[in-house]
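Put the complex together from the two separate chains, hints included.
Going line by line, the protein sequences match chains F and Z. Residue numbering for the first sequence follows the UniProt record's numbering, starting at 1 and increasing by one per position. Residue numbering for the second sequence follows the UniProt record's numbering, starting at 1 and increasing by one per position.
Since the hints were derived computationally from the structure, they do not count as laboratory data. Heads up, some of the hints might be wrong.
[Said to hold, decoys possible] Below, a list of computed lysine to aspartate or glutamate pairs in the EDC-like style, where the Cα atoms sit at most 20 Å apart: (1) Z:161 x F:79; (2) Z:161 x F:46; (3) F:88 x Z:174; (4) Z:161 x F:82; (5) Z:161 x Z:150.
[Said to hold, decoys possible] If you want the ones that stay clear, here's a sample from chain F, every Cβ over 10 Å from chain Z, calculated: (6) 26; (7) 44; (8) 74; (9) 94.
Heads up, the beta-carbon is just placed ideally off N, CA and C, and yes, glycines get one too.
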Amino acid sequence: MQYLVSVIDDKENPGRTDRQPAISEFNERLIAEGHWVFAGGLADTESATVVDNRGEQAVFSDGPFVESKEYLAGVWIWEVPDLDVALKLATEASKVCDRKIEVRPFR
Amino acid sequence: MTDAREAVTRAHHEEWARVVAALTRRFGDLDIAEEAAAEAFATAVERWPADRVPPNPGAWLTTTATRKAIDRIRRENKRDDKQKEARMVHDDEPPGTLGVIDDDRLRLIFTCCHPALAVEARVALTLRMVGGLTVREIARAFLVAETAMERRITRAKAKIKAARIPYRVPAAEDLPARVSGVLAVLFLVFNEGYLATGSGADPVRDDLTAEAIRLTRLIRALLPDDGEVAGLLALMLLIEARRPARVSAGGELVPLHEQDRGAWDAALIAQGHRLVRERLAAAAAGVAPGRYQILAAINAVHTSARDIRDTDWSQILALYDQLVRLDPSPIIALNRAVAVAELDGPEVALAAADRLEPRLAGYHAFHATRADLLRRLGRGQESRAAYDKAIELAGNTAEFAYLTRRRDQLR
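Bound-form chain Z, shown alone (with noise of 0.2 Å):
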C-alpha cells in the first residue's frame, strides 16, 4: 500500500514532464495535456495498490493519460466542432526529425519560455508544466495569492492557444535571443529544488534540481559555445555538490562553514571546475564573462578551499564587485556583504546591509544575514529580534529549523 503511494510520488517526480510533453506532442494542447496527465496520476493512486505498481510506471501512465484525452476530446466533439478531432490525428513532427537533440521536455521549456509571454508567466508555467509543482506551491514560491496564480497560468496557456506559439525547440538562429530567459527560469527551478517552499515538504526536492541541471546539460549540447550556458550548468553543479552536506539528520540546515567537506561530492565538483577553467581561459582572451560565470567563479572559489579558513575572501570580494557592476541587485549586495564581514569584520557588513532595508525588507535572507552579523557584534536583543523575523518570513523547513535554533542560543 506505501509502497504503491511511494511509487506514485516518485512517478509524479520522475515522469511528470515526459507525460505532459508526450500529450503537448500529440495533441497540440498544453490545457488538454495537463489535465490529462493529472488524471492518469490520480488513476494510478486508485489502481496501484490494488493492481501492483506497474512494470514501466512512465509508460503506463503515458497510456493512460493518451486514452483519457482521446475520452475528453470526443466528449467535446459532441458538443463542439470537429477541429480538435483534427488536430489529434495530426503529429505533424515525428520524433526523430527534431534536429540536435530531440526532448520533447526541452520543447515544452521553449513554448514555456517564449518571449510573447510575460517573465513571471515563463516561470510559473515552467515549474507548472515540466516541474510539476502544484498553483498552491507555485503561488508561495511567487508570495502571491492562488487565485492570482491561477489566473497567471490559464492566462499564459490561453495565450499560447489562441497567438499559437509553437510547441518546438527554436531555429538555431533564434536560440541565442532566446536562450537568456530560459537559463533565468531553469535558475529559478534549481532554486525552488534546493530551498523548497512549504512547510510540509521537504527542505530539498532533489527531482527539481536534477531536472534544472539534465535540462541545462542540454542546452550546452545545443550551444556549446556559449558562455553563461556553461556558467550556469557549472554554477548548478557547484551549488549541488554541497547538497549532501547542506541539511543534518535532523532536517536542519547547516550553513557554509559549518558543513562537513568530506561529503561534498567530488565528481560534480570537478565537473564544475572544469567549466569554470574553460570560462576563464575565454575570459583570459577577452570575453567579458555574463553573471552566471561570475556566480560560478564565487562557488568555485568556495569549493577550492578544503577548510572554511582556507576560503579566498578577497578573491570572492572582488568577484562580487564585478557582479555588482554588472547586476545591480540588492540580494548580489547582500551576498557581497557577507563577504565583506570576513575581511573588513561584522561591523562594516552591518552598515553595507542596513543600506539595502529599503528593498529588502520582506526578504528572509537579509533579516537572517542581519541576525548573523549583530550576533558576532555581540548585539544579542537585535540579534534576536532579527531572528524572529527571518523565521517569520523564511518557507523552507530546514531553514526555519536552523534559524530558530540559532535564536534560542542567544541568551
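Isolated chain F (complex conformation) (with noise of 0.2 Å):
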C-alpha cells in the first residue's frame, strides 16, 4: 500500500532550515526498512506556474494553484502495509522536519 506523505510549512511560521542532515538520515532508515519509494524537496511556492489548457488555448499563470500560508514543501511516496505505520512514520517524520505532514493513499 503507497502514501503520499506530503511536508507542509507555513509561511508565517516556517520550520528550522537546518534539518537536513536528520531528513537524510530518517531516509536512510527508511530504504533500510523498505519503506522509501520515493522523495523530494520542492522548490520555492514562487516558482510554480499553473497551465490550464481545458479552454480554447492555453493559458499560464505565475505562482501556485493556490495562495495561501501553508504550503507544500516536500513529498514523500512510502511503501507499507497500513495506515499504523505510516502515521507512526510520519509522527517520527514530522518531527525530523519539524512541519507537518499529511498522509494519504493512492487509490
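As C-alpha cells, then:
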C-alpha cells in the first residue's frame, strides 16, 4: 500500500532550516526498512506555474494554484502495510522535518 | 411466533457485534460485514418463526451472514475486479495469535476508535458497528438529522477502507495513546444504554451497558496499571449497580434520593468500591487522578451512604471542585450545583445553575435541575415553565414520565 506523505510548511511560522542532516538519516532508515519509494523537496511556491488548457488556448499563470500561508514543501512516497505504520513514521517525520505532515493513500 | 421474534431481538442485542466482528476479520471490509450481518438478521426474522429458533443463534447468524457476504462478493466480482476475491480467501491473522486478548469485538472497537477518524465519527461508528444501534437511534442521540449521521458513518467507513486503517488491537506501546479515545466512546455507549433515547424504546438498554462494561473489563486486562481504565470501570459498575432501583414498575425514573437502596446490586458496588480504593491508594502515593477516577469516587460516596441523609455532601463537593479544575465542562458545573444545593441551599445552587444558561439552554438536565431548585424555593410558576422546557427536550421515556408527574404536582 502506497501513501503520499506531504511536508507542509507555514510562511508565517516556518520550520527550522537546519533539518537536512536529520532528514537524510531518516531517509536511510526508510530505505533500510523497505518503506522508501521516492522523496523530494520542492522549490519555493513562487517558482510554480499553473497551466490551464481546458479552454480554447493554454493559459499560463505565475505562482501556485492556491495562495495560502501553508504550502507543500516536499513529498515522500512510502510503501507500508497499513495506516498505522504510515502514521507512526509520519509522527517521526514531523519531528525530523520540524513541519506538519499529511498522509494520504493512493487509490 | 412472538417467541421467535423475541429470539431475534435478543440475538440482535447479544450477537450483532460478534457477527460483524467475525465478518470483518474474514473479509476485511466493514461495509460488507455490516450489510451481510443485516441481511442475516432479516433472514432470521423470516425463517425463525417457521423453522424454529436454531439451538445456537450466534453460529447460525454468522454462517448465514458469511454466505450472504460471499454471494455478494461473487456478484460484484462478475462486474468488478478480482481484488475482493483475493481478500476473501486471505485471512492473515488466524485467531489464537492475537496476543493477550483474542476478542474480535475489541479489535472492532479499536478500528472504529482510530485516532485518524474525527471524534464524532468514532463514536457514531462504534455505536453502529459494535453497539448495533440503527442510524436513526444514533442520529437521535446526537441531535442531528438522520441523513447527516448516515453521511458521517459512510464517510468514516470509506476512510477506513481507502486509508487502510487496520483491524487490530494496537501494539502494547501504542495502547496508552489510543486508549483515552476508546474510553470516551465506551462511556458514551454506556450512557446511551443507561439513558436510552427514543420514544418507543426501553428507557434502559442493559445490552449496551453490559457490553460497555464487558469491553472496559477487557481493556483493563490489557492495561491493568492504567488509572483511568480502572476509574471508568469503577464508575460504570457503581452506576450499573443502581439500575434495579432506577426505573419504577410504572416506567418512571426514580431519582437518587427516592431510590430503594436495598435494591442496589451489592456485588457490583463492592467491585466498584474496591477499584476506587485502589485508585485512592495510588493518589495517596502521588498519582494525580483523571476525570473518570474522580467521577467514580463521587459515585463511591453516593453508594456508601445507606440513606440519602447519610450522604457526605461536603466530600462530594470537594470532589466536584477537583473535577471542575480538570474538566471545565458546563455539565460538570451543573452537577456541582446539585451538590451545592445540599450544602448551601437551593438559592445559592440556582444562582450557580443560572450562570450556565448560555451554554446549557438546549440540555434537558439543565432545565430539570432548575425546575427542582425552583420548586424547593416555592417558585411554582417558574418551576412549571422549567419542567415544560425539560419535558420538551427529554429523550428518555422514563425521564419524560417522571418530569411530567413532577410538573403536574405543582399547583
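Hint by hint, here is what the structure shows:
1. Z:161 x F:79: Given that 20 Å is the threshold and the Cα spacing comes to 17 Å, the pair holds.
2. Z:161 x F:46: Violated. Residue 161 (chain Z) to residue 46 (chain F) sits at ~37 Å, over the 20 Å cutoff.
3. F:88 x Z:174: 9 Å, holds
4. Z:161 x F:82: 10 Å, holds
5. Z:161 x Z:150: The given pair, whose Cα atoms are some 17 Å apart, holds under the 20 Å limit.
6. 26: The claim holds: residue 26 (chain F) sits with its nearest Cβ about 19 Å from chain Z, beyond 10 Å.
7. 44: 30 Å, holds
8. 74: Per Cβ check, residue 74 (chain F) is outside 10 Å of chain Z; nearest 21 Å; holds.
9. 94: It holds; residue 94 (chain F) is separated from chain Z by about 14 Å at its closest Cβ, greater than 10 Å.
Checked against the numbered hints above, the structure breaks only hint 2 and satisfies the rest.
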